[in-house]
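Chemist: Chain by chain, the residues:
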Amino acid sequence: MTDAIVFALLFATYVVMSRGTAGGLTGRELFSVPRTFGETLVLLFSSATFGFATLAARACDREATVLLLLLTFILGASFVSMEIHEFHGMIAMGAGPDRSGFLSAFFTLVGTHGLHVTVGLVCILVLIGQLLYKGLNEAVGSRLFRLSLFWHFLDIVWIGIFSVVYLPGAL
Amino acid sequence: MYDASLGTGANARSYLTGLSLALVLTAIPFSLVYYKPVATNVMLLVIAVAAITQIVIHLKYFLHLSFNGTPRESLLALCFAAILILIMVGGSLWIMFDLHYRMGPLEHRPASNH
Chain A
1 MTDAIVFALL FATYVVMSRG TAGGLTGREL FSVPRTFGET LVLLFSSATF GFATLAARAC
61 DREATVLLLL LTFILGASFV SMEIHEFHGM IAMGAGPDRS GFLSAFFTLV GTHGLHVTVG
121 LVCILVLIGQ LLYKGLNEAV GSRLFRLSLF WHFLDIVWIG IFSVVYLPGA L
Chain E
1 MYDASLGTGA NARSYLTGLS LALVLTAIPF SLVYYKPVAT NVMLLVIAVA AITQIVIHLK
61 YFLHLSFNGT PRESLLALCF AAILILIMVG GSLWIMFDLH YRMGPLEHRP ASNH
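Heads up: the sequence lines are chains A and E, in that order.
For the first sequence, the numbering used here gives the first residue as 1, with consecutive numbering after it.
For the second sequence, the numbering used here gives the first residue as 1, with consecutive numbering after it.
Simulated from the structure, these hints should not be mistaken for laboratory data.
Heads up, incomplete: computed chain E residues facing chain A, CB under 10 Å, no partners named:
1. Asn11
2. Leu23
3. Ala27
4. Thr40
5. Ala51
6. Phe80
7. Ile85
8. Gly91
9. His100
The C-beta atom is built at its ideal place from N, Cα and C for all residues, glycine as well.
Between the sequences and the hints, there should be enough to build the whole structure, so can you do that?
Modeler: Here it is in structure tokens:
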């Protein structure tokens, strides 16, 4: 809930700042629709594989749970690497967060989301370790369930990001 | 095993339904923006509608939120967060755009404030 409020306010900040490009590059020149579509697909599929991991855990199938979590981790990691690549390209074009109010708000909003996904990735690794060493007991199952809530939540925030930032920005 | 009442209503079919619906609702706005077949205002409207629908789809099929299966406290917490967001985001936007309006070019300023 607190995370939802953090993201909601970052969205509000972005909407206020989005026109303040200070003569620099705008979203139309910076955002690539196919690249954002790829990021969206990767994150969406990782949300589904995490869902299937919780189903495998409920069926007490530890191997399947670990495999599905690994798949989720790979998808999540490719999302983060795509985003880092995108940020790197933007900064190389002289469109870093210090260029304009629009870019500061963009990097804060999208970067906070990317940071959350990265933290989620670390948690997935920890959870895989716990599944391997502790087995699928009640505490690990509960952690898995709560991490799945976090992961699905991040995917919902991403819907907001591409619908508020990327798609209107690319118009 | 852990408490099976957590996330009731979860099954493979619900995730597959959610995934395919989300894929369709993602493909529509992206293809619109990519090919730009209609006016900008129409595209913005479609993007907004697709986003809201997809969020509801995610809440229903991935987070298994519903009005009869979810504990009352969780729904209340969700409503509380929604109200906080409404006040803070709505208030911020109101203040900032009002400020923007008042700080704009002279001819746009309200006559009573100068």
